[in-house]
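In order, the protein sequences belong to chains A and B. If you use this note's numbering, the first sequence closes out at 334, no skipped numbers anywhere. If you use this note's numbering, the second sequence closes out at 289, no skipped numbers anywhere.
Worth flagging that the hints you see were computed from the coordinates, not collected in a lab. Honestly, I wouldn't trust all of these hints.
[Claimed, not checked] Have a look at the derived ranges for each label pair, beta carbon to beta carbon:
no. : chain 1 : residue 1 : chain 2 : residue 2 : range
1   : B       : Ile269    : A       : Leu250    : 52 to 60 angstroms
2   : B       : Pro78     : A       : Val214    : 42 to 50 angstroms
3   : A       : Leu274    : B       : Ala116    : 56 to 64 angstroms
4   : B       : Gly217    : A       : Leu274    : 54 to 62 angstroms
5   : A       : Leu313    : B       : Lys107    : 49 to 57 angstroms
6   : B       : Lys107    : A       : Phe270    : 52 to 60 angstroms
7   : A       : Leu215    : B       : Arg206    : 49 to 57 angstroms
8   : B       : Pro257    : A       : Val316    : 51 to 59 angstroms
9   : B       : Lys107    : A       : Val316    : 40 to 48 angstroms
10  : A       : Asn328    : B       : Gly159    : 20 to 28 angstroms
11  : B       : Lys107    : A       : Asn328    : 47 to 55 angstroms
12  : A       : Leu250    : B       : Asp138    : 27 to 35 angstroms
[To be verified] Straight-line distance between alpha carbons at most 35 angstroms, and here's what the computed DSBU-like set of lysine-lysine pairs gives:
no. : chain 1 : residue 1 : chain 2 : residue 2
13  : B       : Lys252    : A       : Lys331
14  : A       : Lys324    : B       : Lys252
15  : B       : Lys263    : A       : Lys324
16  : A       : Lys331    : B       : Lys225
17  : B       : Lys161    : B       : Lys252
18  : B       : Lys252    : B       : Lys70
19  : B       : Lys70     : B       : Lys225
20  : B       : Lys225    : B       : Lys252
21  : B       : Lys263    : B       : Lys161
22  : B       : Lys107    : A       : Lys331
23  : B       : Lys70     : A       : Lys324
[To be verified] Derived contacts from chain B toward chain A, CB cut-off under 7 angstroms, selection only:
no. : residue
24  : Ala126
25  : Arg140
26  : Met182
Note that beta-carbon positions come from the ideal geometry of N, C-alpha and C, so glycine has one too.
Chain by chain, the residues run as shown.
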Amino acid sequence: MTKSNIFFTTDPAKLFLPWMSMLMTFIAVLVLAGGMATYSSVTRWQRTVSGSLTVQIPTYTELGASRGEMVDREIETTLTILRSSEGVLGATVLSDRQMSDLMAPWLGENAVITELPLPKLIDVTVDPNSRLDIAQIKSDLATQVPSAILDSHRIWLTPLLRISSGIIKLIGFILVLLSLTAAFTVIYATRTSLTVHEPVIALVHMMGAGDLYVTQQYASRSFQLTLLGSLFGFFLTLPIMAGVSFFIQGASFDFILKQSLSLGQWAVLLSVPFLLSVLAFITTFKTVMNYLKRFL
Amino acid sequence: MAKQNKLSSPVAEFNGVSFRYDSGPEVLKDIQFTLDPGSFYFMTGESGAGKTSLLSLLYLYHLPTKGRVRLFGHAVDELTRPAKARIRRQMGVVFQDFRLLNHLTAFDNVALPLRIAGAKESEIRRHVSELLVWVGLENQMRAYPPELSGGEKQRVAIARAVINRPTLLMADEPTGNVDDSMAKRLLHLFLELNKLGTTVVIATHNEGLIKHFNFPRLHLEKGRLNVIQPNQYKEMASKLFNRGAEND
Ligand SMILES: Nc1ncnc2c1ncn2[C@@H]1O[C@H](COP(=O)(O)OP(=O)(O)OP(=O)(O)O)[C@@H](O)[C@H]1O
Ligand SMILES: [Mg+2]
């Protein structure tokens with residue numbers, strides 16, 4: 039016999055805590071993973087495209103004929119339109135060097151860009167705090183440079199950002215609710231357990247067991263039972279997360295682990311079982327300490 | 042603290058102590074006595090006289106409603122919780138209702154005080170087995186309390202109370218369920234401890250035992266205490282017999 043089963047043979051918490059923590063962790067990890075995936079996707083998009091706008095001017099006709107000097111004139115007009123628009127900080131034509139850097143992943147390092155029928159790209163830097171009137175720019179371009187193609191990421195990014203920040207708030211709320219529920223469950227389980235063990239506790243107390251001795255046994259047991267259930271719940275989420283990512287991204291499992299969530303985010307997920315167990319420890323500790331006051 | 046008992050200070054001092062349960066009547070009235078280190082007392086009195094109540098003040102289960110109790114030189118109402126726990130670890134109690142833990146074997150029940158005190162398992166094994174053999178339970182070590190007879194349970198309870206070699210041993214009717222020869226054998230266990238310096242208080246109805254061992258007695262009558270020296274026994278005993286007491 040170890041000292042820990044002085045108390046815990048016929049204990050309701052034995053099954054209750056692991057099941058509770060398994061379920062809580064399962065939900066919390068999935069919710070958190072969803073939230074973090076949303077957050078990192080959004081920040082990734084934001085980082086790459088925020089404030090940027092590109093305009094393409096084709097250098098060849100659809101039939102393959104060079105558009106020659108037309109291109110330079112169109113670029114000139116486009117730049118004028120852009121630079122006179124409110125919220126535009128700058129507009130520059132990408133050099134051949136920049137173009138070849140941009141295309142390197144597809145065409146290789148030393149591709150001879152000039153020989154390809156690539157459009158000219160105008161990179162527009164936008165003040166992220168301004169109210170850029172994209173519709174106005176679009177219509178100006180349509181009348182004066184009909185061949186220009188405007189790529190704006192802002193149009194779909196703004197509502198997306200609003201939705202995702204809403205999702206993140208909702209997830210925070212769910213996590214708070216889950217923590218509260220977990221704490222109440224632990225308190226309830228501990229109280230039940232204490233009631234069941236009242237004669238035992240009264241006895242060991244009378245034998246001179248200190249409050250910490252009794253409390254620490256309860257608290258570390260809560261910790262262990264919670265950790266057990268919680269780790270189990272955590273591992274149950276793995277196939278589900280893999281499945282979801284697989285459907286969304288159509289990628290391999292390996293890719294998901296490496297790409298969807300960063301190492302730091304995995305650490306956050308893995309901290310859920312430990313945080314929940316620590317929460318159980320602290321809650322039990324306080325509950326038992328409080329309970330022991332009834333004994334002289 | 043409890044560890045630094047002055048050798049001179051009494052084990053227990055009761056000064057004008059009264060006690061009542063909640064809002065009930067006073068069950069102990071103006072109790073006055075001192076237990077010196079190494080003394081041996083019987084505690085007597087009719088059923089309901091307040092023996093268990095008085096012991097519960099001694100083993101720090103209740104605080105007096107009036108008066109002052111000092112244990113090992115410390116006023117109990119001024120002790121911190123850890124200090125109370127330390128004092129409790131110096132005491133052994135045999136409860137009238139045993140209070141054995143049914144989910145632990147006889148062995149583990151007896152080992153409990155040692156485990157609480159943080160003793161080594163090897164020591165626990167040796168000491169507990171030795172003691173259980175002494176009280177005649179060598180074949181019941183692995184038995185659970187519900188499988189034991191009344192007398193066997195009582196012996197487990199006694200073994201548990203003495204395993205720690207307490208400074209103060211209190212036993213509430215420790216021989217109520219055993220025959221006279223076992224009662225004497227158990228009394229000798231208490232005597233051995235007493236020789237080693239343990240202060241012993243034994244509540245009992247067993248007049249035979251009281252007469253056989255020549256010790257003073259704390260006699261309770263309706264909550265009032267008289268300390269009676271051994272030479273006064275005969276007189277007392279005859280009084281009891283004349284009254285036709287239901288004990289013994
Ligand atoms: N927990 C309690 N709550 C209320 N009253 C109690 C309680 N325990 C004992 N009493 C009362 O206190 C009085 C003294 O009881 P106590 O148990 O001290 O007597 P006792 O001398 O030990 O009796 P016995 O020889 O039968 O064990 C009795 O009148 C009893 O009814
Ligand atoms: Mg009694």
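Exercise for the section: Please name the hints from earlier in the document that this structure breaks, with their numbers sorted from lowest to highest. Expected result: Hints 1, 2, 11, 13, 14, 15, 16, 17, 21, 23 and 26 not satisfied by this model.
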